[in-house]
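Line by line, the protein sequences give chains A and B. Under my numbering, the first sequence has 99 at position 99, and the numbering climbs by one with no breaks. Under my numbering, the second sequence has 79 at position 79, and the numbering climbs by one with no breaks.
Careful: at least some of the hints might be erroneous.
[To be verified] Short derived list, chain A residues pointing at chain B, Cβ under 7 Å:
| id | residue |
| --- | --- |
| 1 | 3 |
| 2 | 116 |
| 3 | 172 |
| 4 | 310 |
| 5 | 313 |
| 6 | 335 |
| 7 | 358 |
| 8 | 365 |
| 9 | 424 |
| 10 | 425 |
[Stated by the list, open to error] Label-pair ranges, simulated between beta-carbon atoms:
| id | chain 1 | residue 1 | chain 2 | residue 2 | range |
| --- | --- | --- | --- | --- | --- |
| 11 | B | 85 | A | 408 | 52 to 60 Å |
| 12 | A | 457 | B | 56 | 16 to 24 Å |
| 13 | B | 65 | A | 4 | 21 to 29 Å |
| 14 | B | 182 | A | 14 | 20 to 28 Å |
| 15 | B | 133 | A | 426 | 52 to 60 Å |
| 16 | B | 64 | A | 321 | 51 to 59 Å |
[To be verified] Stretch by stretch, here's where chain B covers chain A in the computed footprint (C-beta under 8 Å, at least three residues):
| id | region |
| --- | --- |
| 17 | 5 to 11 |
| 18 | 23 to 31 |
If you're looking for bench data, these hints aren't it; they were derived computationally from the structure. From the three backbone atoms N, C-alpha and C, an ideal C-beta is built for every residue, glycine too.
Here's the letter readout for the chains.
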Amino acid sequence: MITVKIALRSLARRKSRMILIALLVAFGTLLLVFGTTLTRSAGIASRSSIIHNFTGDFIVYAAKSREIPSPFAFNTPLPVVPNLDRLKAFLLAQPEVDTIVPYAQNYSLLSLDLKGSKVDVPFIFYAVPPAEYAKTFANVKMVEGDFLSSGPGILISQYQNDHYEKRYGVRLKVGQDVTVLALSSGGGVNAYPTKLRGIFKPLYYENVFNYINFMDMASYSQVYNFTGVAAGSLPAALEKGLAAAQQSEDSIFALAGPAGAPIDTSKLTSESISGYTMVAVVLKDHRTSDVVRARLAAQGLEVKTSPWDEASGFFARVASALEAFIWFATGLIFLVVAFILMNTLIISIIERTAEIGTMRALGSEKSFIRRIFLAETLILNLSACLVGMAVGLMLVLGTRGSGLPLPDTISQYLVGGGPLPMVLSPWPFVTALVVVAAVSFTATILPIRLATRITPLAAMNDR
Amino acid sequence: MLGDTRVDALRGVSLAIEKGEFVAIAGPSGSGKSTILNMMGCIDNPSDGKVLIDGTEVEHLNDTELTRYRRVKIGFIFQSFNLIPVLNVFENIEFPLLLRRNLSRREREKTVMRFVEEVQLSDRLKNKPNELSGGQRQRVAIARALVTNPLIILADEPTANLDSATGHKIIELMKSINEVEKTTLIFSTHDAHIMEHARRVVNLHDGLVAGVESRE
Chain A
1 MITVKIALRS LARRKSRMIL IALLVAFGTL LLVFGTTLTR SAGIASRSSI
51 IHNFTGDFIV YAAKSREIPS PFAFNTPLPV VPNLDRLKAF LLAQPEVDTI
101 VPYAQNYSLL SLDLKGSKVD VPFIFYAVPP AEYAKTFANV KMVEGDFLSS
151 GPGILISQYQ NDHYEKRYGV RLKVGQDVTV LALSSGGGVN AYPTKLRGIF
201 KPLYYENVFN YINFMDMASY SQVYNFTGVA AGSLPAALEK GLAAAQQSED
251 SIFALAGPAG APIDTSKLTS ESISGYTMVA VVLKDHRTSD VVRARLAAQG
301 LEVKTSPWDE ASGFFARVAS ALEAFIWFAT GLIFLVVAFI LMNTLIISII
351 ERTAEIGTMR ALGSEKSFIR RIFLAETLIL NLSACLVGMA VGLMLVLGTR
401 GSGLPLPDTI SQYLVGGGPL PMVLSPWPFV TALVVVAAVS FTATILPIRL
451 ATRITPLAAM NDR
Chain B
1 MLGDTRVDAL RGVSLAIEKG EFVAIAGPSG SGKSTILNMM GCIDNPSDGK
51 VLIDGTEVEH LNDTELTRYR RVKIGFIFQS FNLIPVLNVF ENIEFPLLLR
101 RNLSRREREK TVMRFVEEVQ LSDRLKNKPN ELSGGQRQRV AIARALVTNP
151 LIILADEPTA NLDSATGHKI IELMKSINEV EKTTLIFSTH DAHIMEHARR
201 VVNLHDGLVA GVESRE
């Protein structure tokens, strides 16, 4: 008790220096509490918006792909996902899976009429099954038209349309005929006439999705020739011959027999071959992701998986990068606090040499001196820490209802846009307390060593 | 040691002080007065020789043992009073009792008040040292030295920072305490008027006992 009394009154005697230290500790604590709450909240929000709008809990892609596909990046050409029907059947049979959405990403040109002449404009897009995609990922808001429910075609973002007008002098209107120009796998150019079905605004990550448009998968298959003859419509003998040819090269000659007889093409039906380059899998519970991925890997479907954060690349790491920056800034502040505190304590010890010597002469053990200085530091720093935590808590609570408003650019990178919903957690507070206690102990090591070296002779020498 | 030079503050001093004595260690500056008090007070060790207090050879005790020995057996009065600046009069006097941790709060209060009255500071209990005069501060220091009922009280030039009249009053107070409490009281001084109050005066010169005068 006497140590606390001496500590408290000694702090009061050195008010100005101690207030400076307290302010720094309080600011550091506030930064740590509010900053880590913000980044943790941003991490949760960005994870939620990425999983529920772009990647699902994980993405499935062709095993032979040399790159991990990302809905946020255009690293085409990507190989088409093999065994899509079996893959879909397997995934939908898993009790943990909520829904799946296959899609492809690609780019082409749109050939448009401009006052009697043609102009080609770039067109980056997702090729999606419109109904499935819109049901799973509500990541756009239609400004005009519909999400390809009125028929096959394309959608463009409002920003893209503005950009076309600014750069190329053309502005597209819903219902307008457009021609998609794309390089086919054979090296030729496919021209596919279609319609603009709608204009949308992305709801998240505008800085990426303002530039990405949509095309329905049926049109995509036409543009890139992902269409073939349905196996069921082939003559039975030919189908048998083809199956045998797949087993052995020698069997190919079987096709020269009855299987090679003329085919009645009027009886053939076409089949859309999958052009999908990835499948987003949304789970009922994110924690089951590893289990489902492991189960899928054992199926031998020639596919690989990538978790949401890997598939979304940079955007999943923005919150972590910001958190690292906050830790760095807080670390710097506490380093400064530790140095100032250490120097202040050393000066205080020099000033109080006679006082310490007197206490030692009167019978105080070294541990008593140690306790006084430790108490001074802890009282000062923990009080300042509590103030910082209280201010941090008020800020978090104050912004919890409506979310923390952020400048649009920051918000877009951090959580995909909009105010940041703040999540109150005890961990930033516990962390701040541990950090302040650790800084306090560390900063007192040297001063306490100096203080306990003062002998009772110092009291006698104080004339 | 003064830099690299060895300085013998005391040279072959042999001195015995009986229990209950009121002794002055006299001599000019540099004669070794403070050094001999420091050794008696267990805050300095002789490079050679023995210090025997109440049958204990204190030069063999380690730092912790010396600290405990001082706490129980020795009271100090310093030239510059050396009160703890953040504690008030009552708390300064109570401080050595708190270190001993063997008394209840009530017993501590009773003991402190007894010595507060003895040094006539009952009306200054709540004052901090910087609100007291030099004489009042030294009276607080005397009460603090007495409060644990030590075997010896050592006072290093207790009147040096006081005016002459106050100095005499302080020495008179110490003398009366010595008579009432029967505590051994040893003080150093270079003031001839002050040393006249002592019953025995040990004169030091250049680290040697130059003479011992008995005033009784």
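Status of the hints after comparison with the structure:
{"no.": "1", "hint": "3", "in the structure": "10 Å, violated"}
{"no.": "2", "hint": "116", "in the structure": "94 Å, violated"}
{"no.": "3", "hint": "172", "in the structure": "80 Å, violated"}
{"no.": "4", "hint": "310", "in the structure": "60 Å, violated"}
{"no.": "5", "hint": "313", "in the structure": "60 Å, violated"}
{"no.": "6", "hint": "335", "in the structure": "30 Å, violated"}
{"no.": "7", "hint": "358", "in the structure": "4 Å, holds"}
{"no.": "8", "hint": "365", "in the structure": "5 Å, holds"}
{"no.": "9", "hint": "424", "in the structure": "40 Å, violated"}
{"no.": "10", "hint": "425", "in the structure": "40 Å, violated"}
{"no.": "11", "hint": "B:85 with A:408: 52 to 60 Å", "in the structure": "58 Å, holds"}
{"no.": "12", "hint": "A:457 with B:56: 16 to 24 Å", "in the structure": "20 Å, holds"}
{"no.": "13", "hint": "B:65 with A:4: 21 to 29 Å", "in the structure": "27 Å, holds"}
{"no.": "14", "hint": "B:182 with A:14: 20 to 28 Å", "in the structure": "43 Å, violated"}
{"no.": "15", "hint": "B:133 with A:426: 52 to 60 Å", "in the structure": "55 Å, holds"}
{"no.": "16", "hint": "B:64 with A:321: 51 to 59 Å", "in the structure": "53 Å, holds"}
{"no.": "17", "hint": "5 to 11", "in the structure": "holds (count 4)"}
{"no.": "18", "hint": "23 to 31", "in the structure": "violated (count 0)"}
Hint compliance for this structure: hints 1, 2, 3, 4, 5, 6, 9, 10, 14 and 18 are broken, all remaining hints hold.
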